[in-house]
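Colleague: Read off the chains here:
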Amino acid sequence: MAEILQTIGSVTGISLVLAVIISLAEKWLNNYGQVNIDINRGGRTFTTEGGRSLLSTLSEQKIFIPSACGGKATCGLCKVQVLSGSGVILPTEIPYLTAQEQKDNVRLSCQVKVKNDMAILIPEELFNIKEFVGTVEELRDETHDIKLLRIRLPEGETVKFKAGQFMQFYTKPYGKVKETVFRAYSIASPPSDNTHIDLIVRLVPGGLATGYVHQALQVGDEVRLSGPYGDFYLRGENADELIMIAGGSGLAPIRSLIYDITEKGLDHKIRFFFGAVARRDLYALEEMAQLEKQNPNFTFIPALSNPADGDEWEGETGRITDVVARHLDGAEGKEAYLCGSPGMLDACIAVLNSKGFSDDSIFYDKF
Amino acid sequence: MIEFSAISPFVIFFASIATSNMILNNFLGMCSYLTISSEYKTATGLGKAVTLVIVVTNVINWLVYHYVIVPLNIEYMRYIIFIMVIAALVQIIEMAMDRYLPDLHANLGIFLPLITVNCAILGSTLFMIIRLYGFWQSLLFGIGSGLGWWMAICMLAAIRERMARAKLPPGLAGAGITFIITGLMALAFIGFSGIFTIQ
Ligand SMILES: Cc1cc2nc3c(=O)[nH]c(=O)nc-3n(C[C@H](O)[C@H](O)[C@H](O)COP(=O)(O)OP(=O)(O)OC[C@H]3O[C@@H](n4cnc5c(N)ncnc54)[C@H](O)[C@@H]3O)c2cc1C
Ligand code: FES
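Protein chains in written order, with our numbering: chain A, 211 to 577; chain B, 3 to 201.
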């Protein structure tokens, strides 16, 4: 018995000593003191504790570098250009870097340890990606299956984005759903309203995130968002007319774009084709009428593919592709912006191509 | 039976490279030897890291054995304790290297965690205990074992690099031919036997 106890005691003691030595070593060896990080040549600087990876150091500062593998050097998404202060490129990074990137000292930020002052360059868009915990200010039924969700950002926080971009929306566990999922939703509010984010969410039967928004979410709840992301935004330099086409919740980014263009006083002519099945699937009509008054260049063209009895619809009827085809004559000086389901978009792109639109004058987000 | 404790440390040093090579005579540390030997450059990196860790762990484990394990009378727990010491040491070596020799760390860093479970390291510690080596013998045994392992993996890597474009029967490609080469190298090393004997 005494022998057993002595052995247990000795082995425990030895492990303890080793653990203490490692912790001390960690304290001593891994203590790089305060370091200064400079981003985009003075665009933003901060001081922080060294000793961790650049990826986690940045995310602690709420600068979100994309990462899908959580820092294991297997996704290659976390690239950052390091101007000064990094060591040499590690063998783990080489497979993800092109020759040019290696020359420019582009690094996987999860593999770079922050040991001294560093200067880095990151794309301006990434710099803008932030995480927000906002409050649901309004939850409005637009149609039987579409809700507008107005989120107020916390006091003092603002969001900077280009009209047309989207946010990542994080759900909380609800009902039988035990996990947190995140989904992309286009921002429906204009960039000028930088303390709010409007999302327009159409219920997908059995959908996790849309089920959460439609069934669990209440006014006053907190919601987590990150963003903005995406390259769906206004180009417009080479065009004097913008053709916009959307169906269902695809109205969201178009709404943001039209508000933005109107507020900025840009003089593009805009025609917005909005497709729905019947009268009960249409929404935002008053808002669009209001925008038409504010911006004489803007025309809203709702179209019903299958009006129900009693809809008393006098507007356009037919599939959205047919309606667009009827209205358009040529692609000269035009750009097209499309949003909606993949099937609808592919059909619309085919129509646009047949009218002479080249692929680089068509921009879209497939939902 | 050989009187191990009477052998000169220098004889042990040369013997552990040539006649008692960790890989070619004892076949220890085979997994990383086989998998990380397709490129000469990485093989040298791993070789250096193994050498460093063998030397340091031999010294520390010798001290731990003679000044902790024996006095406490827990020799039968030595395997567990040696492994814990090796794991802790590798951690500390990695941190220290990252701090003071960042360029070396950039090259060896990824190998260090791999080495914790390399049996050549534990093998070297156990041999020195079983053979009752003294401190200097253990040190030189460690250096020799490490260099021997390093040399063996470099030779294999060099051969495999030259062989990269050779037409092999499909069944032999990869691990098959590597085992055959290792066997031939081991046969060649038998030529050294008799020069010194330490095991
Ligand atoms: C860039 C981008 C912007 C987006 N913007 C918006 C937006 O503004 N408003 C909006 O409502 N949605 C938008 N989406 C779609 C959104 O991200 C989700 O995919 C959608 O809301 C379904 O999520 P869910 O968790 O409810 O469904 P899931 O749980 O992911 O899916 C449940 C089931 O429904 C199917 N399904 C998934 N999506 C759809 C769909 N759209 N139509 C029919 N069936 C589907 C799935 O295959 C699955 O079988 C956008 C997507 C992208 C990529
Ligand atoms: S986070 Fe995936 S490679 Fe860096």
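Rather than coming from a laboratory, the hints here were simulated on the basis of the structure. Please note that a few of the clues may not be correct.
Distance ranges between label pairs, derived from CB positions [as the list claims (entries may be wrong)]: (1) A309(A) / L186(B): 47 to 57 angstroms; (2) R251(A) / M187(B): 31 to 41 angstroms; (3) M32(B) / E367(A): 33 to 43 angstroms; (4) S40(B) / K282(A): 55 to 65 angstroms; (5) A309(A) / K169(B): 25 to 35 angstroms; (6) E365(A) / K43(B): 29 to 39 angstroms; (7) P172(B) / P276(A): 37 to 47 angstroms.
Derived pair list, reagent style SDA-like, types lysine to any residue, alpha-carbon separation capped at 20 angstroms [said to hold, decoys possible]: (8) K50(B) / K282(A); (9) K282(A) / G136(B); (10) K237(A) / L103(B); (11) K272(A) / E213(A); (12) K237(A) / K43(B); (13) K237(A) / K169(B); (14) K289(A) / A108(B); (15) K282(A) / I182(B); (16) K325(A) / D105(B); (17) K340(A) / L300(A); (18) K43(B) / L300(A); (19) K325(A) / A177(B); (20) K43(B) / V343(A); (21) K169(B) / A190(B); (22) K282(A) / Y306(A); (23) K479(A) / R489(A); (24) K325(A) / L141(B); (25) K43(B) / V298(A).
Positions of the beta carbon are idealized from the N, C-alpha and C atoms, including for glycine.
Colleague: Now tell me if each hint is right for this structure.
Modeller: How the hints compare with the structure:
In this structure, A309(A) and L186(B) break the distance hint of 47 to 57 angstroms, their C-beta atoms being roughly 39 angstroms apart. For R251(A) and M187(B), the Cβ-Cβ distance of about 55 angstroms falls outside the hinted range of 31 to 41 angstroms, so the restraint is violated. Between M32(B) and E367(A) the CB atoms are about 58 angstroms apart, so this pair departs from the stated range of 33 to 43 angstroms. Distance hint check for S40(B) and K282(A): the Cβ-Cβ separation is about 23 angstroms, which falls outside the suggested range of 55 to 65 angstroms.
Between A309(A) and K169(B) the CB atoms are about 31 angstroms apart, so this pair conforms to the stated range of 25 to 35 angstroms. For E365(A) paired with K43(B), a C-beta distance near 56 angstroms fails the hint of 29 to 39 angstroms. A hinted range of 37 to 47 angstroms for the beta carbons of P172(B) and P276(A) is consistent with their spacing of about 42 angstroms. Taken as a hint, the K50(B) and K282(A) pair is broken in the structure, with Cα atoms around 24 angstroms apart against an allowance of 20 angstroms.
Among the hinted pairs, K282(A) with G136(B) is inconsistent with the structure: their alpha-carbon atoms are about 43 angstroms apart, more than 20 angstroms. A C-alpha spacing of about 18 angstroms is found between K237(A) and L103(B), which places the hinted pair at or below 20 angstroms, so the restraint holds. For the proposed pair K272(A) and E213(A), the alpha carbon gap of about 55 angstroms is over 20 angstroms, so the pair is violated. For the hint pairing K237(A) with K43(B), the CA-to-CA distance comes to about 33 angstroms; that exceeds 20 angstroms, so the pair is violated.
Annotation: proposed proximity of K237(A) to K169(B) is violated, straight-line Cα distance about 54 angstroms (limit 20 angstroms). Under the criterion of a C-alpha separation no larger than 20 angstroms, the hint pairing K289(A) with A108(B) is consistent with the structure, at around 18 angstroms. Our distance criterion of 20 angstroms between C-alpha atoms is broken by K282(A) and I182(B), whose separation comes to about 35 angstroms. Restraint check: the Cα-Cα separation between K325(A) and D105(B) comes to about 13 angstroms, which is no more than 20 angstroms; the hinted pair holds.
For the proposed pair K340(A) and L300(A), the alpha carbon gap of about 29 angstroms is over 20 angstroms, so the pair is violated. Between K43(B) and L300(A), the direct Cα distance comes to roughly 14 angstroms. Compliance with the 20 angstroms bound is thereby established for this hinted pair. Under the criterion of a C-alpha separation no larger than 20 angstroms, the hint pairing K325(A) with A177(B) is inconsistent with the structure, at around 41 angstroms. Between K43(B) and V343(A) the CA atoms are separated by roughly 49 angstroms; this puts the pair beyond 20 angstroms, and the hint is violated.
With a C-alpha separation of about 24 angstroms, the suggested pair K169(B) and A190(B) falls outside the 20 angstroms cut-off, and the hint is violated. For the suggested pair K282(A) and Y306(A), the alpha carbons sit about 12 angstroms apart, so the restraint of at most 20 angstroms is met. Under the criterion of a C-alpha separation no larger than 20 angstroms, the hint pairing K479(A) with R489(A) is inconsistent with the structure, at around 27 angstroms. With a C-alpha separation of about 34 angstroms, the suggested pairing of K325(A) with L141(B) is violated against the 20 angstroms cut-off.
Between the alpha carbons of K43(B) and V298(A) the distance comes to roughly 16 angstroms, so the proposed pair stays at or under 20 angstroms and holds.
The structure fails hints 1, 2, 3, 4, 6, 8, 9, 11, 12, 13, 15, 17, 19, 20, 21, 23 and 24 (numbered hints given earlier, in ascending order).
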